[in-house]
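Trainee: Sequence:
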Amino acid sequence: MNHSPSERLIVALDFSDVDEARKCVDELDGIVNFYKIGLELFTAPSRDFLNELRERQCRIFLDLKMHDVDETIRRAVANVASLEVDFLTIHGNSATLQAACSGKTNHRLRLLAVPLLSSWNEKDLQELFLVGPAEGFIPRFDTLDEYVFWRADQAIAQGCDGLIASGAYVGRLRERFGKNVLLVSPGIRPSGLSTDEHKRSLTPRKAIQDGADYIVVGRPIRDAMDRKAMAQRIIEEIDSAI
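Heads up: the sequence shown at position 234 corresponds to 234 in my numbering, and the numbers run straight through without jumps.
Since the hints were made in silico from the structure, they are not lab data.
Check each hint, because a few of them may be wrong.
As the list claims (entries may be wrong) - Derived DSSO-like pairs (lysine-lysine); straight-line CA-CA distance at most 30 Å:
hint, residue 1, residue 2
1, 206, 65
2, 206, 228
3, 65, 228
4, 104, 65
5, 179, 206
6, 23, 179
Turn these sequences into a full structure, and let the hints guide you.
Mentor: Here it is as structure tokens:
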């Protein structure tokens, strides 16, 4: 891909208050142009914020991890496509993913499947009886890796444009699918900062080196004393990896 280092940074607007999100965008004006909106902000009282971002010529990533009955998913994706956003996350089985892809009504929207939540690990999947070893049941998958790659294969086979690829999976998913699959890596933390609840966090440099097309950074920028300086630091790390 030919995007500049700054274009490969997606800032997660992890706010419950639209005014706080707007302030963050104002502070990053001129350096960041791609923003992720999750459930927290999407369900905030004001819906005009999406229009504001579009008027600023910003790109928009809706991280809603949609998971519902197939027809609902198809119609919901069609509605999202009409919002002129760039990325949307889907979290479900083959039928869900297929329904989502059939709901895409324009070529701008890219559907990203979530093989594994970035806060989950093998223990979480053992509790769901998906991964072993464990006593008293026969798991479908022996390891976490088997599960992740199976979910990723499903998503691409059903027509998704890309994957949310956290931590250790970025490089292996890039090797598995080559250059034709979009990889977005969340939970990125500049070296020396806390990884918070993310179980497989990478630095910006490492994520890009491993094959991520875009990285998502939230709290390190949101909670920084100087948000613009932190964003610039991350962009410089991206640049050093290209």
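Trainee: Now, for every hint given, state plainly whether the structure supports it.
Mentor: Okay, the hints, checked on the actual structure:
1. 206 <-> 65: holds (25 Å)
2. 206 <-> 228: holds (21 Å)
3. 65 <-> 228: Distance of about 28 Å is within 30 Å: holds.
4. 104 <-> 65: Given pair residue 104, residue 65 holds - Cα atoms ~15 Å apart, limit 30 Å.
5. 179 <-> 206: holds (17 Å)
6. 23 <-> 179: violated (36 Å)
Going through the hint list in order, the structure does not satisfy hint 6, though it satisfies all others.
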